[in-house]
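S.K.: As a plain string of letters, each chain reads:
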Amino acid sequence: MSELTKKSLTEIANLIKKKEIKSEEVTQSFIKNIEKDKKLNSFITKCSESALKKAKDFDKKPKLDNLLPGIPIAVKDLFCTSGVKTTAGSKMLENFIPNYESTITNNLWNEGAFLLGKLNCDEYAMGSSNETSYFGNVMNPIAENTVPGGSSGGSASALAADLTPATIGTDTGGSIRQPASFTGTVGLKPTYGLCSRWGIVAFASSLDQAGPMTRNVEDCALMLEAMAGFDEKDSTSINKKKENYSKNLTDKIKGLKIGIPKEYRVEGMPKEIDKLWENGKKILKDSGAEIVDISLPNTKYALPAYYIVAPAEASSNLARYDGVKYGFRSSKGNNLIEMYENTRSEGFGDEVKRRILIGTYVLSSGYYDAYYLKAQKVRQLIKNDFDQAFKKVDTILTPSTPSSAFKIGEKKDDPISMYLNDIFTVPVNLAGIPAISIPAGHDNNKFPLGLQLIGKPLDEQKLLNIAFAAEKKINFKQTLNRWWEK
Amino acid sequence: MSEKSEKYLISGEKGKWEVVIGLEVHAQVTSNSKLFSGSSTKFGAEPNTQVSLIDSAFPGMLPVINEYCIQQAVKTGLGLNAKINPYSVFDRKNYFYADLPQGYQISQYKNPIVGEGEITLDLPTGSKKVGIERLHLEQDAGKSIHDLDPSSTFVDLNRSGVALMEIVSKPDLRSPDEVNAYVKKLRSIMRYLGTCDGNMQEGSLRADVNVSVRKEGDTKLGTRCEIKNVNSIKFMQMAIIYEAKRQVELLESGKSIDQETRLFDTKKNETRSMRSKEDAHDYRYFPDPDLLPLNLDKKLIEKIKKDLPELPDEKKERFIKEHSLTPYEANVLVSEKEISNYFEEVIKTSDKKLAKNWIMGDLFASLNEKNISISESPVTAKKMAQLIDSISSGVISGRTAKEVFEIMKETGEDPKKIIESKGLQQKSDPKELEKIIDKILSDNQDKAEQYKSGKDKLFGFFVGQVMKESGGKANPQLVNEILKKKLK
Amino acid sequence: MSIDKDKIKHISKLARISLDAKKTDTLAKDLSSIFKFIEQLNELNTDKTEPLSSILNEPLRSRGDVVNDGKIREKILENSPQKNEEFFVVPKVIE
Numbered sequence: 168m169s170e171l172t173k174k175s176l177t178e179i180a181n182l183i184k185k186k187e188i189k190s191e192e193v194t195q196s197f198i199k200n201i202e203k204d205k206k207l208n209s210f211i212t213k214c215s216e217s218a219l220k221k222a223k224d225f226d227k228k229p230k231l232d233n234l235l236p237g238i239p240i241a242v243k244d245l246f247c248t249s250g251v252k253t254t255a256g257s258k259m260l261e262n263f264i265p266n267y268e269s270t271i272t273n274n275l276w277n278e279g280a281f282l283l284g285k286l287n288c289d290e291y292a293m294g295s296s297n298e299t300s301y302f303g304n305v306m307n308p309i310a311e312n313t314v315p316g317g318s319s320g321g322s323a324s325a326l327a328a329d330l331t332p333a334t335i336g337t338d339t340g341g342s343i344r345q346p347a348s349f350t351g352t353v354g355l356k357p358t359y360g361l362c363s364r365w366g367i368v369a370f371a372s373s374l375d376q377a378g379p380m381t382r383n384v385e386d387c388a389l390m391l392e393a394m395a396g397f398d399e400k401d402s403t404s405i406n407k408k409k410e411n412y413s414k415n416l417t418d419k420i421k422g423l424k425i426g427i428p429k430e431y432r433v434e435g436m437p438k439e440i441d442k443l444w445e446n447g448k449k450i451l452k453d454s455g456a457e458i459v460d461i462s463l464p465n466t467k468y469a470l471p472a473y474y475i476v477a478p479a480e481a482s483s484n485l486a487r488y489d490g491v492k493y494g495f496r497s498s499k500g501n502n503l504i505e506m507y508e509n510t511r512s513e514g515f516g517d518e519v520k521r522r523i524l525i526g527t528y529v530l531s532s533g534y535y536d537a538y539y540l541k542a543q544k545v546r547q548l549i550k551n552d553f554d555q556a557f558k559k560v561d562t563i564l565t566p567s568t569p570s571s572a573f574k575i576g577e578k579k580d581d582p583i584s585m586y587l588n589d590i591f592t593v594p595v596n597l598a599g600i601p602a603i604s605i606p607a608g609h610d611n612n613k614f615p616l617g618l619q620l621i622g623k624p625l626d627e628q629k630l631l632n633i634a635f636a637a638e639k640k641i642n643f644k645q646t647l648n649r650w651w652e653k
Numbered sequence: 003m004s005e006k007s008e009k010y011l012i013s014g015e016k017g018k019w020e021v022v023i024g025l026e027v028h029a030q031v032t033s034n035s036k037l038f039s040g041s042s043t044k045f046g047a048e049p050n051t052q053v054s055l056i057d058s059a060f061p062g063m064l065p066v067i068n069e070y071c072i073q074q075a076v077k078t079g080l081g082l083n084a085k086i087n088p089y090s091v092f093d094r095k096n097y098f099y100a101d102l103p104q105g106y107q108i109s110q111y112k113n114p115i116v117g118e119g120e121i122t123l124d125l126p127t128g129s130k131k132v133g134i135e136r137l138h139l140e141q142d143a144g145k146s147i148h149d150l151d152p153s154s155t156f157v158d159l160n161r162s163g164v165a166l167m168e169i170v171s172k173p174d175l176r177s178p179d180e181v182n183a184y185v186k187k188l189r190s191i192m193r194y195l196g197t198c199d200g201n202m203q204e205g206s207l208r209a210d211v212n213v214s215v216r217k218e219g220d221t222k223l224g225t226r227c228e229i230k231n232v233n234s235i236k237f238m239q240m241a242i243i244y245e246a247k248r249q250v251e252l253l254e255s256g257k258s259i260d261q262e263t264r265l266f267d268t269k270k271n272e273t274r275s276m277r278s279k280e281d282a283h284d285y286r287y288f289p290d291p292d293l294l295p296l297n298l299d300k301k302l303i304e305k306i307k308k309d310l311p312e313l314p315d316e317k318k319e320r321f322i323k324e325h326s327l328t329p330y331e332a333n334v335l336v337s338e339k340e341i342s343n344y345f346e347e348v349i350k351t352s353d354k355k356l357a358k359n360w361i362m363g364d365l366f367a368s369l370n371e372k373n374i375s376i377s378e379s380p381v382t383a384k385k386m387a388q389l390i391d392s393i394s395s396g397v398i399s400g401r402t403a404k405e406v407f408e409i410m411k412e413t414g415e416d417p418k419k420i421i422e423s424k425g426l427q428q429k430s431d432p433k434e435l436e437k438i439i440d441k442i443l444s445d446n447q448d449k450a451e452q453y454k455s456g457k458d459k460l461f462g463f464f465v466g467q468v469m470k471e472s473g474g475k476a477n478p479q480l481v482n483e484i485l486k487k488k489l490k
Numbered sequence: 111m112s113i114d115k116d117k118i119k120h121i122s123k124l125a126r127i128s129l130d131a132k133k134t135d136t137l138a139k140d141l142s143s144i145f146k147f148i149e150q151l152n153e154l155n156t157d158k159t160e161p162l163s164s165i166l167n168e169p170l171r172s173r174g175d176v177v178n179d180g181k182i183r184e185k186i187l188e189n190s191p192q193k194n195e196e197f198f199v200v201p202k203v204i205e
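Chains as they are written, first to last, in our numbering: chain A, 168 to 653; chain B, 3 to 490; chain C, 111 to 205.
Isolated chain A, as found in the complex:
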C-alpha cells in the first residue's frame, strides 16, 4: 500500500492488530520514503536495516495487545538509545553510543514499537529553527528552504513528510509546539513530571519535557498513553496512576470554559493569526464550550525570565561535556584546563556557547540576585497568573506562534528575533503546565499556523478532548508535492 504512510498512527496500529497488514510492509513503506528524501535532512541516523529486522521478528511472533504493535518510530536525537548513536545535534556527541536506553523510548518499545532512526534537532535542543545543528539545517516539507521550527525540527519535518508515522520530541520553551505549528502537525508538551527525563540529554532541567508529535490528536493521545508514567529514577517524576488517554478521548466538550488571555494579542501580530484565533473561538463555542476573557498580566515577562533560567540551568547541565568520560576531546592542549577549553570551544556551536555564557553570567557572584533569583520570582508570578485563571476556566486558547515558518537564514543573525518565536509557548514551560498545538489553518503564503490549548496540571485528557473537538471542526488539510524527492 503506497498510501500506507499517509495513514494515521492509530489506523496503522489497528490494521496491524486486525492482521490486515504486516509490520514489515509498514516499515518498508516508511523506509522507502526516507530513502527517497534528498533535501529535508531530517535524519541524523537511519536505522532501516535493524528496523526491518525487528519488523520481520515482530511478524513472526506478533504481540497484538500492546498500544503500538509493530510500529516503526523515529525519535529526536536527544533520547539516549542503547547501541545507537545519540548526538543531540552536536559535534560534542558526534560519535557517542550510549549503552543505556532512555525511559521514554523504553516505554515505547515495551508497547511494541521499535526504532526507525534518530532525528535531527537544534544543538542540545537550543534553537527555534533547526539551524544550529552540527549536522546541518533541516527543511520544512511545506516549502523548500523554509525552517521547520525547533528545536524538534527534524521530528516535525519527518512527521509532516511521512517519513515516520509518529515521533517524540522535547519541549523546553516551545520546541515541540512551535515546530508543530510551522509544519501543520500536532505537538503536545505534557505537565512537568508526567514523562520521565531519565536518559534524555538535559538542557534545562526544570523546564524540559518529552512529548508526542503526531499528525492528529487521536494519535497524540495514543502516543502520550504509551510514553507517560512514573519513573523512580527521576526525582521530578510524578507518582500518579496511568491514564487511558486514547480510550477516553471524546469530542464532547459542552460546558467547558475556554479562556482567552488578552495579553497574547501582541503588537504587530499578523492579521491571519488573529483571524485563526477568532475562528478557533467560534469553533469551540459551536461545540458547546463557553468563551471567557481572562488576563495573564505577567505574560510579557515570561520570555526574558526564560532566557535567564534556561541558560543558567543549561550552563550547569553542559558542564559534564569536558572530553573526559565520553564524547569529543580536542587534540589541542598541554594540560587539563587547556584540554577543557579547547574541547568545549571546538565541540560546541555558537548558540550553545552563547547560552552557556549567559547562564554562567547570571549565576556568577554579584549577579545571582539581580538575574537568576529575580527570574525565579517572575516565574512564580507567571505560575500564579495561570493558577488564578484556571479558577475561572478549564483551558486557555492562544495562537501557537507569532508567525508562520520563515526562510532558512532569515533570523540567524538576530538572536532576539529568533527568541521571540517562543513568545506564546514559553510561559507554559515556566509554569510547568501542559499545552498542545494543533494546525488551525494557513496564512496568506499557504503556510500552516497552529492554535495552542493550555491546560491545568495533569489535565491532559481534557486538553486532548478539546483539541480533538476543535480539530474535527477545523478539518485542516495539507497536501505537499514531495519536492524533496526530486
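Hints are computed from structural coordinates only; laboratory data are not their basis. Be aware that a few hints might be false.
Unchecked claim - Per label pair, the in silico range of CB-to-CB distance:
no.: 1; chain 1: C; residue 1: 115; chain 2: B; residue 2: 225; range: 28 to 34 Å
no.: 2; chain 1: A; residue 1: 400; chain 2: C; residue 2: 194; range: 26 to 32 Å
no.: 3; chain 1: B; residue 1: 34; chain 2: A; residue 2: 639; range: 54 to 60 Å
no.: 4; chain 1: C; residue 1: 112; chain 2: A; residue 2: 639; range: 51 to 57 Å
no.: 5; chain 1: B; residue 1: 236; chain 2: C; residue 2: 181; range: 32 to 38 Å
Claimed, not checked - Residues from chain A shown here face chain C by an in silico Cβ test under 7 Å; the list is partial:
no.: 6; residue: 507
no.: 7; residue: 528
no.: 8; residue: 541
no.: 9; residue: 543
no.: 10; residue: 547
no.: 11; residue: 653
Every residue gets a Cβ at the ideal spot worked out from N, C-alpha and C, and that includes glycine.
Once you've looked at the hints, dock chains B and C against the given chain A.
M.R.: Structure of chains B and C alone, referenced to chain A:
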C-alpha cells in the same frame, strides 16, 4: 614557640599574637550506597568498579537521594547539640576538575540540613565549649592520581558521589592542642553514633583549616587563609604552626595577608598557595533543579532523637557517678565506644577499681606496643574479667597476674589455662604457709629476736624469705597475717 | 547593561570555553543586546514575591540504602576518548 600555660600565643619580634582557627571537617557518611546513586561505598575497591552511570555523569542521568544518609546527618546534628532544619535545599556547586564528572558537586548552600550547635572539649586546662556553625550533606569527588604517568593524570571515580557531611566550626579554636581535642571529640561522637568511622588513613575524615592571627587582646578577626584537605591531626597541627608563623612574619614586616587557599606540603612541612585560585571561588550556587527541597518530618526527627545511643559526654558523667571514676579516668574510658563497652562488660562481673587500673595501665600499654585497637586485642573483655577475678579471689597475686597478662597479650589464651598449666596459683593454704614460716623463723632466730625487740624493718626480710622459699607463690596477705601473729 | 570584552573573557574562563578575539567581540555584542532584552524584568516589583522553589508540589522522594549499581567498569570506560583498562586518562593537572 609557646609555653604550656593558659593561652597559646606566638611570640613575634614585635609582640605576642593569638591564633584563630576554624575547621571545616569533611566526614564520610557510613552507608552502604552513595548519596545519590546505588553504587557501593566500600573502601579499597579496584578502580572504577564502584561507579554507576550517574556517578560518571553520563548524558541524561539523574540523582535520587539515599534516605539513610539523611538520617545519618540528622543523627550527627543531634549529637552536636545542633538545630535540625526541617526545610533544606540541595544546591549545585559549579566548578571544573578531572575528578568531578558532573562539572558540579551537589551540596547545600544557603539552607543546610543542620544549623548551629556546640560541643565540649576536654582539655588538660579544663573543658571548653566550641561552637558549630552548620552541618550539610554533599557529594564527595573522585580521585585524581598524578604520579602514575609523567604526562597524564589518571582518574578513579569510586569515591565520586559518596555522601559527606561537612561540619563547619565557629572560629573558636585557639591552639594546635585545641584542634587535636576538637577533631578527636568530633570523631568520637560520630563513631558512637555510627555515622562516620573517622578512619583518617582511609580518608573518611579530612579537614580544611582556616587560620588567621591577631595581636593578643585584639577582638577583630584577621584575614584568614584556608589550608585545604589535611588528612591527619598531626599535619593539621604542623600546618597551623607554620601558617600562623608565616602570617605573623608578614604582618610584622608591614605587609598584609592575601585571603587565599593554600595546600600543606607534608614533605617540606610548609603551606603554599594553590595555583588554581582566582575564579575558583565563583561556584555559582543555585538550587539543583533535578531535586526537590527536603522537608523533614518532625516525627522522624523525634524518633531519631529518641533512638540516639548514649553519647560520650553523658556516658562520662554517668561513669563518674556510678563507677566512682575521676573525670580524667572517665574521659579516657569513654574516649572510644569500644573502650567504654569493654570497660562496662568487664565490670559486669569484676571489681571496678582493678578493672580501670588494668585497662588503663597494662592493656593500653599493650595496645600501644602493638599499635592495635582494643577490638583487635587478643585480651578480650571476657578474658580480662577472668584475670581480674583471679586476683580478687586470691588465686593469684597482683604480681603474678602481670606475668599471666604478658602471656595473654601474645597468645590470647584464657588466664585460667595459663595459671593452671604453669602452676601459678598462689599458696593460700594457711597450714602450708605456717610450715614455711615456721621454717624461716627457726632458721633466723636471731633476726626474729631483733624484730621482737623493735627492729620493725626486719619484717620485710621475713616476707622476702617466705616468698623465696615458696617460689614467689605465697599469698602475701596471708603471709603478713601469719607472720604478724607468730612474731608477736 | 552592556557586556564588555573583559567580562566575556572572564566568563568564558569560568565556563572553560576558549574564544578567539573575533568570537569575543561577537559575543560581547550578542550578550549586550540579550541582556538589554532581559532587563525588562526590572519593570516588575518582586520584593514581596517568593522565588519558585519547585515546580512540583511533591515531597523529595528518597531511595533505600541498597547497593544495586556499579561493578560495570567496562561500560563506564568504553566511551572515553582516552583510557586504560582501569582509569580515565586526562592530560596532567597543574596544581
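S.K.: Each of the hints needs a verdict: does it hold here or not?
M.R.: Each hint tested on the structure:
Distance hint check: the CB atoms of residue 115/C and residue 225/B are about 32 Å apart, consistent with the given range 28 to 34 Å. Separated by about 30 Å at the C-beta atoms, residue 400/A and residue 194/C satisfy the suggested range of 26 to 32 Å. In this structure, residue 34/B and residue 639/A meet the distance hint of 54 to 60 Å, their C-beta atoms being roughly 57 Å apart. At roughly 52 Å, the beta carbons of residue 112/C and residue 639/A sit within the given window of 51 to 57 Å.
The given range of 32 to 38 Å is respected by residue 236/B and residue 181/C, whose C-beta atoms sit roughly 36 Å from each other. The criterion of a C-beta within 7 Å of any C-beta in chain C is met by residue 507/A, whose closest approach is roughly 4 Å, and the hint holds. The beta carbon of residue 528/A is positioned within 7 Å of a beta carbon in chain C (closest approach about 5 Å), and the interface hint is therefore held. Among the interface hints, the one on residue 541/A holds; its C-beta lies about 6 Å from the nearest C-beta in chain C, closer than the 7 Å criterion.
Given hint, residue 543/A at the interface with chain C, holds; its Cβ is 4 Å from that chain's nearest Cβ, closer than 7 Å. Checking residue 547/A against chain C by beta carbon gives a least distance of about 4 Å; that is within 7 Å, so the hint holds. The criterion of a C-beta within 7 Å of any C-beta in chain C is not met by residue 653/A, whose closest approach is roughly 38 Å, and the hint is violated.
Checked against the numbered hints given earlier, this structure breaks only hint 11.
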